[in-house]
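Using our numbering, you'd call the opening residue of the sequence shown number 4 and step up by one each time.
Keep in mind that the hints were calculated from the coordinates and are not lab data.
Computed spacing ranges between beta-carbons, pair by pair:
(1) Pro346 with Val166: 29 to 37 Å
(2) Ser322 with Pro9: 23 to 31 Å
(3) Asp163 with Leu25: 35 to 43 Å
(4) Arg130 with Lys31: 49 to 57 Å
Glycine included, every Cβ here is placed at the ideal spot set by N, Cα and C.
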Amino acid sequence: MTTTEPRTYPFSEADKLQLDPLYAQLRKQEPLTRIQLPYGDTAWLATRYEDAKVVLGDPRFSRAAVLHHDEPRMRPNTPNGGLLSMDPPEHTRLRKLVAKAFTARRVEKLRPRTEEIANGLVDEMLRGGAPADLVEDFALPLPITVICELLGVPYDDRGDFRVWSDAFLSTTKLTPEQVTDYMDRMFDYIAGLIAVRRAEPADDLLSALIEARDEQDKLSEDELVRLAAGILVAGHETTATQIPNFVYVLLTHPEQLAALRADLDGIPQAVEELMRFVPLGSGAGFPRYATEDVELGGVLVRAGEPVMVSTSAANRDESVFSDPELLDLTRQEATHIGFGHGPHHCLGAQLARMELQVALRTLLTRLPGLRFATTAEDVEWKSGMLVRGPQKMLLSWQGVE
Numbered sequence: 004m005t006t007t008e009p010r011t012y013p014f015s016e017a018d019k020l021q022l023d024p025l026y027a028q029l030r031k032q033e034p035l036t037r038i039q040l041p042y043g044d045t046a047w048l049a050t051r052y053e054d055a056k057v058v059l060g061d062p063r064f065s066r067a068a069v070l071h072h073d074e075p076r077m078r079p080n081t082p083n084g085g086l087l088s089m090d091p092p093e094h095t096r097l098r099k100l101v102a103k104a105f106t107a108r109r110v111e112k113l114r115p116r117t118e119e120i121a122n123g124l125v126d127e128m129l130r131g132g133a134p135a136d137l138v139e140d141f142a143l144p145l146p147i148t149v150i151c152e153l154l155g156v157p158y159d160d161r162g163d164f165r166v167w168s169d170a171f172l173s174t175t176k177l178t179p180e181q182v183t184d185y186m187d188r189m190f191d192y193i194a195g196l197i198a199v200r201r202a203e204p205a206d207d208l209l210s211a212l213i214e215a216r217d218e219q220d221k222l223s224e225d226e227l228v229r230l231a232a233g234i235l236v237a238g239h240e241t242t243a244t245q246i247p248n249f250v251y252v253l254l255t256h257p258e259q260l261a262a263l264r265a266d267l268d269g270i271p272q273a274v275e276e277l278m279r280f281v282p283l284g285s286g287a288g289f290p291r292y293a294t295e296d297v298e299l300g301g302v303l304v305r306a307g308e309p310v311m312v313s314t315s316a317a318n319r320d321e322s323v324f325s326d327p328e329l330l331d332l333t334r335q336e337a338t339h340i341g342f343g344h345g346p347h348h349c350l351g352a353q354l355a356r357m358e359l360q361v362a363l364r365t366l367l368t369r370l371p372g373l374r375f376a377t378t379a380e381d382v383e384w385k386s387g388m389l390v391r392g393p394q395k396m397l398l399s400w401q402g403v404e
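Starting from the given sequences, assemble the full structure and let the hints guide the process.
Listed below in structure tokens is the structure:
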């Protein structure tokens, strides 16, 4: 690499849903900049939309190469292995085994059940009365229930795997020893479920994956365990975080919220704009290593150098989105990359979209006058995690003081 002193990254502590203004400055003046994370190699950081799409989608940038390098990261250990550390064709082989469960058509069939779950959760909130914690009472149990039923995981075990999920997303919240311990426990738990399903197959995704392993030899036992664990974590954590994020943004943009209440058919488009606008990650995504020299953003990235992408910064690129710092729920411009891009585009994007649409519609129709129980400043935020969002968010609604 060049000898220019890298910037310490992240640039600052994640502040609620505010994006560090340095990203906007870099997009204009230094779209590819060198950064140093707490651990691992020095990396390049891409902040522009088009550069981000190249890194995420061009086969010259490899995820599998991280297994042979000191990967730039936020913590001493990192959960390598599984889909996130693969390139095609190996990545394609595993992804195909589960992709059919997450097509738009299959996901749409899950909408009525998701609506039923969401309405049941609101019923409980109404019975309990205000204030209610949106995170614990609605945002977490909704996607957890859906993914448990889809994958074939007992919902009663949610307390355990919620804790274990933190190991996948922790930067400083957990110690390295805790991360290792919780991840081992989760893999052991999944292995136990696989043993049960082998003896008693069911109509669920886990049973289908076991059949692909045992009868078709399409994946190894270790790949089976890691794939199932990854689906369980990714299948609920992001949506569970984005639901309160979206509600927080809407409540702090009352004019946009009022317009959405008046036109609930605009919810699908609103979800897309919220995905663009909300900086879910507390930093950049996983690095890709250049497999050959590549010119990117006016800079020559040498073979063997890692590049990280800030999708949040890319989604605010003024050369692509007009007034990118403005929330506009009717915006119809370029496609955001909130779900990623290329081979590692979020496998469950359609499921997440549907769940977020159902969540917003249910909350806005069943809880009129939805508002913060006190003020926006009283929302408690996560810390020491790869994702940002409320830890606790107390809400009230019409007719309840």
